[in-house]
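Chemist: These are the residues of each chain, in order.
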Amino acid sequence: MQSSTSDDMLLQVSHLQKFFAVRKNLYSKPLYVKAVDDCSFSIQRNTVFGVVGESGSGKTTLGRVLLRLIEATGGSVLFDNTDILSLNTQELRLFRRRMQIISQDPYNSLHPRKVVKKLIGEGLQIHFQLSAQEIDTRVRDILTLVGLREEHMYRYPHEFSGGQRQRIAIARALVLKPEFIVLDEPTSALDVSVQAIILKMLKDLKKDFALTYMLITHDLAVIDYMADYVAVMYLGQIVESGSKDDIFKRTAHPYTSLLIDSVPPPTPSEHWSGHILNGEIPSPIHSPSGCRFHPRCPQAKEICKTAEPEVVEVQPGHVVMCHFPLGS
Amino acid sequence: MEQQRGDLLDISGLRVVFNTYAGQVKALNGVELWMNHGERLGVVGETGCGKSVTALSVMRLIEEPGEITSGALWFEGRNLAQLSENDLNSIRGKDIAMIFQEPVAALNPVMKVGAQIVENIECQRRSADAGQIPDKRAFSEIMRDMLGRVGLDWQRTENLYPHELSGGMAQRVMIAMALSSKPKLLIADEPTSALDVTIQAQILNLLNKLVRETQTAVLLITHAMGVAAQFCDFIAVMYAGNVVEYGSVQSIFRNPLHPYTKGLLNAVPKIGRTDELQSIPGIVPDLIDPPSGCRFHPRCPYRKPDCDTLEPTLRAAKTEPAADRHHVACFLYQNDA
Amino acid sequence: MRKPSSDKKISGQSAFREFLRERKPMLDDVRHTVYLWKKTPLALVGTVIICLFLLVALFAPLLAPYSPIATDLSRKLEAPSAAHPFGLDQFGRDVLSRVIMGTRIEVSIIVIISVISIVIGLIVGIVAGYFGGIIDEILMRITDIFLAFPRLVLAMAFAAALRPTLTNAIIAISLVEWTVYARLARAEAMKIRSQPYIEAIRAVGASNIKIMVFHVLPMSISPIIVQLTMRMGTIILTAASLGFLGLGAQPPLPEWGAIVSDGRSYLMNNWWITAFPGMAIAVTVLGFNLLGDGIRDILDPRIRR
Numbered sequence: 001m002q003s004s005t006s007d008d009m010l011l012q013v014s015h016l017q018k019f020f021a022v023r024k025n026l027y028s029k030p031l032y033v034k035a036v037d038d039c040s041f042s043i044q045r046n047t048v049f050g051v052v053g054e055s056g057s058g059k060t061t062l063g064r065v066l067l068r069l070i071e072a073t074g075g076s077v078l079f080d081n082t083d084i085l086s087l088n089t090q091e092l093r094l095f096r097r098r099m100q101i102i103s104q105d106p107y108n109s110l111h112p113r114k115v116v117k118k119l120i121g122e123g124l125q126i127h128f129q130l131s132a133q134e135i136d137t138r139v140r141d142i143l144t145l146v147g148l149r150e151e152h153m154y155r156y157p158h159e160f161s162g163g164q165r166q167r168i169a170i171a172r173a174l175v176l177k178p179e180f181i182v183l184d185e186p187t188s189a190l191d192v193s194v195q196a197i198i199l200k201m202l203k204d205l206k207k208d209f210a211l212t213y214m215l216i217t218h219d220l221a222v223i224d225y226m227a228d229y230v231a232v233m234y235l236g237q238i239v240e241s242g243s244k245d246d247i248f249k250r251t252a253h254p255y256t257s258l259l260i261d262s263v264p265p266p267t268p269s270e271h272w273s274g275h276i277l278n279g280e281i282p283s284p285i286h287s288p289s290g291c292r293f294h295p296r297c298p299q300a301k302e303i304c305k306t307a308e309p310e311v312v313e314v315q316p317g318h319v320v321m322c323h324f325p326l327g328s
Numbered sequence: 001m002e003q004q005r006g007d008l009l010d011i012s013g014l015r016v017v018f019n020t021y022a023g024q025v026k027a028l029n030g031v032e033l034w035m036n037h038g039e040r041l042g043v044v045g046e047t048g049c050g051k052s053v054t055a056l057s058v059m060r061l062i063e064e065p066g067e068i069t070s071g072a073l074w075f076e077g078r079n080l081a082q083l084s085e086n087d088l089n090s091i092r093g094k095d096i097a098m099i100f101q102e103p104v105a106a107l108n109p110v111m112k113v114g115a116q117i118v119e120n121i122e123c124q125r126r127s128a129d130a131g132q133i134p135d136k137r138a139f140s141e142i143m144r145d146m147l148g149r150v151g152l153d154w155q156r157t158e159n160l161y162p163h164e165l166s167g168g169m170a171q172r173v174m175i176a177m178a179l180s181s182k183p184k185l186l187i188a189d190e191p192t193s194a195l196d197v198t199i200q201a202q203i204l205n206l207l208n209k210l211v212r213e214t215q216t217a218v219l220l221i222t223h224a225m226g227v228a229a230q231f232c233d234f235i236a237v238m239y240a241g242n243v244v245e246y247g248s249v250q251s252i253f254r255n256p257l258h259p260y261t262k263g264l265l266n267a268v269p270k271i272g273r274t275d276e277l278q279s280i281p282g283i284v285p286d287l288i289d290p291p292s293g294c295r296f297h298p299r300c301p302y303r304k305p306d307c308d309t310l311e312p313t314l315r316a317a318k319t320e321p322a323a324d325r326h327h328v329a330c331f332l333y334q335n336d337a
Numbered sequence: 001m002r003k004p005s006s007d008k009k010i011s012g013q014s015a016f017r018e019f020l021r022e023r024k025p026m027l028d029d030v031r032h033t034v035y036l037w038k039k040t041p042l043a044l045v046g047t048v049i050i051c052l053f054l055l056v057a058l059f060a061p062l063l064a065p066y067s068p069i070a071t072d073l074s075r076k077l078e079a080p081s082a083a084h085p086f087g088l089d090q091f092g093r094d095v096l097s098r099v100i101m102g103t104r105i106e107v108s109i110i111v112i113i114s115v116i117s118i119v120i121g122l123i124v125g126i127v128a129g130y131f132g133g134i135i136d137e138i139l140m141r142i143t144d145i146f147l148a149f150p151r152l153v154l155a156m157a158f159a160a161a162l163r164p165t166l167t168n169a170i171i172a173i174s175l176v177e178w179t180v181y182a183r184l185a186r187a188e189a190m191k192i193r194s195q196p197y198i199e200a201i202r203a204v205g206a207s208n209i210k211i212m213v214f215h216v217l218p219m220s221i222s223p224i225i226v227q228l229t230m231r232m233g234t235i236i237l238t239a240a241s242l243g244f245l246g247l248g249a250q251p252p253l254p255e256w257g258a259i260v261s262d263g264r265s266y267l268m269n270n271w272w273i274t275a276f277p278g279m280a281i282a283v284t285v286l287g288f289n290l291l292g293d294g295i296r297d298i299l300d301p302r303i304r305r
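Line by line, the protein sequences are chains A, B and C.
Under full-length UniProt numbering, think of the first position of the first sequence as 1, with each following residue one higher.
Under full-length UniProt numbering, think of the first position of the second sequence as 1, with each following residue one higher.
Under full-length UniProt numbering, think of the first position of the third sequence as 1, with each following residue one higher.
Okay, chain A solo, but in the shape it has when bound (with noise of 0.2 angstroms):
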């Protein structure tokens, strides 16, 4: 699987880093926020890429990176062998209808005061020469795609529930005709029944479309329903990735291990809750010396306080960053 050439790549990022400076004040010298730091990874074409990890484990501002929604600090994008970080405006233009973005809040992610059509509408207009008609038609077209019916062209975002506005969103997204679209939660706003509604239309989607899709979620079950691979992140690091089989079957990263055992599963056992991780995630402004995790890590070990670990690869596309990898 990961023996595959560059070629079916059609995103290869390497060493990115985005940090935020932090004053104090104006004259003091900037701390550091490391949101991203030295992530490295690959995304197949017609694959669904997870990222999972905890609040303030850098996750969003990763998919923000990638699209170059915010500038990063170091390392390169190369998306289709283009490196995305050193175009310019005009470029970049170009790039942004081949990648899209579906955020988390369906409440905020639509302008309010902007019909359906006009939201939609907007991205081609500005991609595309097309006459008012073919808007018409195209707008249209993808509304009847994602379930929603033509006379919603003329009505605002609030008349909507949570589960139509994001359909809203990903038509927005889709219209464009992208290759590559970062779901940001896509579903985390939304009721369960309703959120098993868009994750199988976007499976579907994803089908249709070729689409390639890097799901950022917190949710470690929509990921497994969803994703062939998986990043774990804390902290700013991709502490653990490979095929989703790996990460649920094969974990070999302690924190990994404690995530995955810290999701209630839905159905009543007795056996649920042994295995707690304690203390919460620290402020990324002061991460903790050598192994980022080892003050939550019941395996912490000397060496874990003082010397970073390496990224060893235990078995072909299975990485993980850990002294004492779990199995091994």
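It cannot be assumed that every hint is accurate.
[Stated by the list, open to error] Chain B regions said to be covered by chain A (calculated; three or more residues, Cβ under 8 angstroms): (1) 21 to 29; (2) 227 to 233; (3) 242 to 255; (4) 268 to 276; (5) 279 to 289.
These are calculated hints, taken from the structure and not from any lab test.
Computed from a predicted model, the values in this text were never measured in an experiment.
In this text, a Cβ means the ideal position worked out from N, Cα and C, and glycines have one as well.
Let chain A serve as the given structure and place chains B and C on it in line with the hints.
Modeler: Here is chains B and C on its own, set in the frame of chain A:
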């Protein structure tokens, strides 16, 4: 009034409406729920099903433009729906305590955490033994003890302001405050929904331990099926202002009867689940103009001819042991109706 | 995705229907606004006052019974009577006619100052708020410099340096007035900039100019409108103060402040010369303030559905 079904709380026929610009929202449509001392009842359902309104009704915190139009709220033999504001104040916070989804918002932002807990204890004591001089030192002792029991270091925590707490710490403080009065019932409205999974697991474990020690009953409002499955003894499933199914956690999850419960459980993603997710066709109804008869009938795959005219009531399912208390409001299981 | 759109002939009637359908949400919005308006009685009072004020200004030459500048020294300082309800001033001019014609001057002062200061304020504020960083710093420090001028002193300086005319007074007021809108627009732009829907439109590939004009500007306009109506009262007061001090409109222009100033030496015995234009100022300012409060309530998203 018939015999109270649960010896702690028995809600029967509770109806709540909200009068808005667009019309009257029939938020609760005859809710039936009951629980005994020391039990944990989970109320699950999707946005707008009325689970939070039910919780607020028990505290009698429904305010304008909302109104309890009918129904009884029996709490240890007293009908909360008919108590005066004064009598209610002796129950709120004392016998029934509440914790919320946004703990930081529920704390006073300009008061230190320790002082807030002490003040809270003082309020409850004053109504309990009126006239006696409050012993501040004793209250501080209780506060420190409670902070310790929720796993916080009191020396570090008591002098912090709410904004200095993380979400998990703030929820621990709320729990300390709520349990300091040794309530008989703790209402927890989505207590872990704003928290990360690892913190959620910590909070659930803590609550589990504390309420077991104190024999406090918990009414847990949640949309997370996993949380309800792991924490509760009994489950009530709500849809569009009705309890559609009620029973032990085993009976609800292993043998769901109501078509909505079945649909809901099939929509929940689960680690290791290999089959496709099933969704429920249609959308949640508008409660200003709810469907006639069974409110679920427009979306129900097992709809029968009478479902759009007759309203089903919550009745015991006959097939199971009484200890499971399995009840369902659906004509599929009420052939005599 | 390949569903051909039905070819329909666009006759005049169906084009109109299409036009209406496209704007239906907007019409619904207007209907909702009217509903809220009716529920806010004070806003209604303000609206009535301001409407009257504007109508009077529009039809001033028809409404004024006499010329505002025609003097009749034989009848000077005559008390209010049926023929002259507001009395006559020290030159025998009809005070009612002067007050009525004065509305035109007040309206033009308000319109000119508002347009100048809103245009400058919006451009400066939105650019500063949207880009942030060093651009924001520079633009806001410039704003602070203008804000630091007390407007009356500035107007006096203008009058002393150039000539005390209405135009110079308008320029002086505008020079300070735009800072109010600049700060407001900046705050709004900063808030809107971080909204997810702005990020969404950036992800689609819109340019900065387009985002500022079509997305940030429309969203920041409602607090500006509220502020504008509230400030209109203040603008009238400032203009009247300048007129009163002899630094703005010059006699015989019937600017309300100047009329009040005219009558101040006769205040003890001939109160009507000062009282009626003074009341006109007070009522108009009150009207604008009530309207401003009302609009703020109506535009408040918390009470809009």
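Chemist: Identify every previously stated hint that the structure contradicts and give their numbers, smallest first.
Modeler: Failing hint: just 1.
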